[in-house]
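Asker: Can you join these two chains into the complex? Each is in its own frame, and there are hints to help.
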Amino acid sequence: MADVLAFAEQRDGQLRGAARETVSAAATLAAEFGGSAHALVLGGPGVADAATELGGFGAASIQVGAHEALADYNPEAYAPVVAERIRAGDYAAVIFPASILGKDLAPRVAAHLDVPLATDVTGLEVQDGELQVIRPMYAGKAFARVTLDATPALVSIRPNVFQPMEREAAGTVEAFEPQVDAGALRLRVRERKGSSGDALDVAEATIIVSGGRGMKAPDNWHLLEDLRDAIGDGTALGASRAVVDAGWRPHAEQVGQTGKTVAPKLYVAVGISGAIQHLAGMRTSQTIVAINKDPDAPIFNVADYGIVADLFDVVPRLTDEVKKLRAEG
Amino acid sequence: MDIIVCVKRVPDTETRIQIAEDETRIDPSGVKFIISPYDEFAVEAALRTVEEAEDGEVTVVSLGDDDAQETLRAALAMGADKGLLLQGEGSTDGLATAKALAAELQGSEAPLILLGVKAADDDQSQVGPMLGVLLDRATVTGVTAFRVEGDTVVCDREVEGGVEVVEVDLPAVLTVTKGTYEPRYASLKGIMAAKRKPLETKEAEAVEGRIRVQQLTYPPERGDGQIVGEGADAVPELVRLLREEANAL
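Same order as they appear, the protein sequences are chains A and R.
The numbering used here puts the first residue of the first sequence at 1, with every later residue one more than the last.
The numbering used here puts the first residue of the second sequence at 1, with every later residue one more than the last.
Next up, chain R with everything else stripped away, as it sits in the complex (with noise of 0.2 Å):
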C-alpha cells in the first residue's frame, strides 16, 4: 500500500522563541528547526504499515522554502522512499496550506495520506481534515493506532478519558499523534541512504492565505509568586491560600 505523509519543518519545541522586530514572525536566528513531531509519528506509522503489508512506497511531502529539503531527508532518513518539495510560503492559514496540497494530491492513488495531528508551530490543528474535505476523503483526526482491514482503516482515536474506535472507507486521511509510533531514529545507514533518495522539488500552488498576524505578543509575566513553606506542615496554610486569596478551591 502506497502511503503520502506531510511534513513541516518547526522550531524544536525545546527553542526559546524570539519575536521578529517587524512583530508579525519570529526570528528564526538560531533557532534549531525539526520535523513537526506529531508529522514524525506519522512518518514511523507510514513506516511500520508498509513494512508490515511487505508493500508499497512511502512519500513524503512538504510545503515550504528550500530548507525544508533537510526536513524531508531527515523523513528519508528514517525509511521514507521518496520526497517532494512543494516550494511556497507557509500560511497559519490552514486552508491555504490545505488547498496547496490538495492541488498536488488530487488525483493520487495513495489509499493512505498522513499528517501530524498539528503543527508544532502554528497548533491550529486543521490541515488534516481540511485536506480531507477537498480531497473528498473519508478522514480520521487524533489517530492513537491504525490497521488496515481490507477496504476500510480501523482507527483508535484520543477522545475524553478514552478511546474512540472508528473505521473509515478507504481511501482516507488520517492525523496522527502520540501513542503507538514512537519514532525510530535514523541510523547511519539511513543517513547515507536517504541522500541518494530521489526528492523532487516543484512549485507549490499559489493560495494566499486569509489569516493575517498582525501582532505577536510574548505571554503575559506572571506576578511574583511565593514559597508557602517547606515540607508538609505548610498545607494548611496553601489551603487557606487557595481558598481565600486564589478563590481556587
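Extracted from the complex, chain A is given alone in its bound form (with noise of 0.2 Å):
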C-alpha cells in the first residue's frame, strides 16, 4: 500500500497549474513510501488529450475519467467517481488541490470513504513510514503537524507552495468508464458570471498587487489594475478586510483571516497597515513588499522591501518601471 493519488485539475477541458502541483507532490511522496504516483482526471469527452502532459510530472499511470456530465465541474458527479477511483487503488495517500473545486470536492469525497482530510497543507513528510502533515491554522498565526489515523490519508494542498517538478518518466494514459446518472443530480450549474477560463483566484494567483484603505477611493483601483496589468499573467488582485468591509472590492479577493490565506512568489501591499489577521494570511509569502507613506505602519515589519512615500506617486512609476523591464525582455 505505497501508491499516491493526484487529483489533477482541468477547466474547460484544459488542465490547470494546480494539476502539476498535485501530482509532482505525488511522486516525490510516492517516491518516499517506494510506491509511485497516479493521477486522476475527469472531464468531458476528449480530456484526454490534455491529461497525457501529466506523465512528465511524474504521473506512472493517468487515469482518464471522460463523460459529457463531467465537462464543467459538479460535486454530485465528481464525488461519487473520485471516491470510487480511489476503493479500486491501492493508495497510502491522496493529494487534492486546495483550490475553490479542491476545497468543494475533497470533503465529500473524505466522507464517502469514512476517511479524515487535512485542508490547504503546506508540507507532507514522511517519517518512519507515518505521514507527517504540515498546515496552517488561525489563518497561519500558527501551523501545526499532524497524523492521520486513516489510510488512505486525505490531503488537499496549498496553491504555490508545492512547486511543479519536471521529471523524466512518461506515464500511460488509461481511459475508464465513470458511472454518472446526469438525471439523479441534486445540483445544477444554471450559469457563470464574470469568470473567464483563465481566471484566477487570488488564492492561486503568483504575484498579488493588493490595496486597502491608503487607496482612499474605490474609483482609485485603475492604478492597481494597471500594475496588475504590467506585470502581466498569473498577477491577482488582493484586497484588505477594511476595504471589502467598506463595499469598494468583492470579497473573492480579501486576504487574511476572513478571506483568503496566500502564498504568492510576490505580494505588493499598497496603503496596507497590516491589522494582524491581514498579516496572518499573508505573511508566507516568498518576497513583500510594502507601499506606505506612514513609517511607522506593522506591514513594514513582514516586508522584505519597502518605500515610505505617498502610493499615489509610487504606483503609477511602478507600473511604468515594470513595463520597461517587460519591454526589455
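None of these hints come from the bench; they were simulated from the model.
Worth double-checking, as some hints may not be accurate.
Derived SDA-like pairs (lysine to any residue); straight-line CA-CA distance at most 20 Å [said to hold, decoys possible]:
(1) Lys293(A) / Gly231(R)
(2) Lys189(R) / Asp81(R)
(3) Lys193(A) / Ala145(R)
(4) Lys324(A) / Arg243(R)
(5) Lys324(A) / Pro219(R)
(6) Lys324(A) / Arg240(R)
(7) Lys323(A) / Thr180(R)
(8) Lys193(A) / Arg147(R)
(9) Lys189(R) / Glu89(R)
(10) Lys293(A) / Asp81(R)
(11) Lys265(A) / Gln226(R)
(12) Lys293(A) / Gly229(R)
(13) Lys265(A) / Glu244(R)
(14) Lys265(A) / Asp81(R)
(15) Lys202(R) / Arg48(R)
(16) Lys193(A) / Arg240(R)
(17) Lys82(R) / Thr201(R)
(18) Lys265(A) / Thr180(R)
(19) Lys323(A) / Asn247(R)
(20) Lys265(A) / Leu241(R)
(21) Lys324(A) / Val239(R)
(22) Lys324(A) / Gly232(A)
(23) Lys193(A) / Gly179(R)
Answerer: What follows is the structure, encoded as C-alpha cells:
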C-alpha cells in the first residue's frame, strides 16, 4: 500500500496549474513510500488529450474518466467517481488541490470514504513510514504538524507551495468509464458570471497586487489594475478587510483571516497598514513589498522591501518601470 | 421554512494567539472568544430568509463545551429562536465533527441547514460538505447569496474571478461566506430576549477524531527587510532588487 493518487484539476478541457502541483507532490511522496504516483483526471470527452502531459510530472499512470456530465465541475457527479477510483486502488495518500474546486470536492470524497482530510496543507513528510502533514491554523498565526490515523490519508495542498517538478518518466493514459447518472444530480449549475477560463483566484496567483484603505476610494483601483496588467500572467488583485467591508472591493479578493490565506511569489501591499489578521494571511509569501506613507505601519515588519511614500506617486512609477522591464524582455 | 444553523466558538480573529505548553493547542487564557465570523453570516442569512417568508424558526446548534452556550446566546440575541448545545470535544478532524452533528440532525425536517464556509480557527472548510454527504442532502459551498424557489434553492457561489449560479433541490446544506449577509448587531432588547429563549443542552454523540495535532509552532520569522527609500525615486531601485535579488519579477 504505497501508491499516491493526485487529483488533477481541469477547466474547459485544459489542465490547471494546480494539476502539475498535485501530481508533482504525489510523485515526491510516492518515492518516499516506495510506490508510484497516479493522476486522476475527470472531464468531458477529449479531456485525455490534455492529460498526457502529466506523465512529465511523475505520474506513472494517468487515469482519465471522460463523460459529458463531467465536462464542468458538478460535485454530485464528481465526488462518487473520485471515491470509487480511490477504493479501486491501493493508495497510502490522495492529494487534492486546495483550490475552490478542491475545497468543495475533497471533503465530500472524504465523507464518502469515511476517512479524515487535512485541508490547505503546506508540507508533506514521511517519517518512519508515517505521513506527517503541516497545515496552517488560525489563518497562518500557527502551523500544526498533524498525523492522519486512517488509510488513505486525504490532503488538499495550498496553491503555489508545492512547485511543479518535471520528471523523465512518461506515464501511460488509462481510460475508464465513469458511472454518472446525469438525471439524478440534485445540483445544477445554471451559469457562470464574470469568470473566464483563465481567471485566477487570489489564492492561486503567483503575484498579488493588494490594496488597502490608503487607496482612498474605489475609483482609484485603476492604478492597481494597471500595475497588475503590467506585471502580466499569474497576477491577481488582493484587498484588505477594511476595503472589502467598505464595499470597495469584492470579498473574493480579501486576504487575511476572514478572506484567503495566500503564499504567492510576490505580494505587493499598497496602502495597507497591516492588521494582525491581514499579516497572518500573507506572511508566508516569498517576497513582500510594502508601499505606505506611514513609516510605522506594521506591514513594514513583514516586508522584504519597503517604500515610505505616497502611493499615488509610487504606483504609477512602479507600473512604468515594470513596463520598461517587460519591454526589455 | 425552518432553518438550522451550526455555529462554532472560536478565538477573535483580531487576537494574538499563544501556543500552550504542551504545544498541541493554544492557550485560551486571556483570549476573547467569538462566534466564528462565517457562522455569523450564516445566522444572518437564516434570519433574513425566515423574516422574508414570514414563516419558520431558526435553530442554532453548537458542538463544544459549556462555554459555547455564550456563542449560542449571541446568535439568539441576533434573533434566532432556539439553541441546542451538543456537549463534546471539538476536533480538528472535520469528519468527527460532521458525524456528531449528523447524529443529531439525521431525520431533521428543516429544509435548510446552514454553516459558515469554514471555522476561523481550524480553517478546514470541510464540516459543511461532509455533513451534506452524511445526511444525503445536496450541498453548496461558499454561498454569498441564496433565495428559495419552490422546492429548490438558487445560490450564488464565489468562484475564481466571478460568480457561479447553482440550483439545488431541497432539503439542502449550504455553507455561507461573506458577501450579502452582513450580520446585524444584537439590540439590547434582543440580548434581553435571548436570556429567555430555549437553550437545550445534551451530550453529543462521541466520535473520536482521527487527525492528531503533534505540534503547533509559530510561523517562521521573516528576515529583516529594508526600506528601499522614501518617495517615488526609490522605485527603480525597488524594481532592480525585485528582479536581481529576490528573483520575483
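Asker: Hint by hint, note whether the structure agrees.
Answerer: Comparing the hints with the structure gives:
| no. | hint | verdict |
| --- | --- | --- |
| 1 | Lys293(A) / Gly231(R) | holds (9 Å) |
| 2 | Lys189(R) / Asp81(R) | holds (14 Å) |
| 3 | Lys193(A) / Ala145(R) | holds (14 Å) |
| 4 | Lys324(A) / Arg243(R) | holds (13 Å) |
| 5 | Lys324(A) / Pro219(R) | violated (36 Å) |
| 6 | Lys324(A) / Arg240(R) | holds (12 Å) |
| 7 | Lys323(A) / Thr180(R) | violated (38 Å) |
| 8 | Lys193(A) / Arg147(R) | holds (17 Å) |
| 9 | Lys189(R) / Glu89(R) | violated (32 Å) |
| 10 | Lys293(A) / Asp81(R) | violated (48 Å) |
| 11 | Lys265(A) / Gln226(R) | holds (18 Å) |
| 12 | Lys293(A) / Gly229(R) | holds (11 Å) |
| 13 | Lys265(A) / Glu244(R) | holds (14 Å) |
| 14 | Lys265(A) / Asp81(R) | violated (48 Å) |
| 15 | Lys202(R) / Arg48(R) | violated (28 Å) |
| 16 | Lys193(A) / Arg240(R) | violated (39 Å) |
| 17 | Lys82(R) / Thr201(R) | holds (11 Å) |
| 18 | Lys265(A) / Thr180(R) | violated (32 Å) |
| 19 | Lys323(A) / Asn247(R) | holds (17 Å) |
| 20 | Lys265(A) / Leu241(R) | holds (14 Å) |
| 21 | Lys324(A) / Val239(R) | holds (10 Å) |
| 22 | Lys324(A) / Gly232(A) | holds (13 Å) |
| 23 | Lys193(A) / Gly179(R) | holds (16 Å) |
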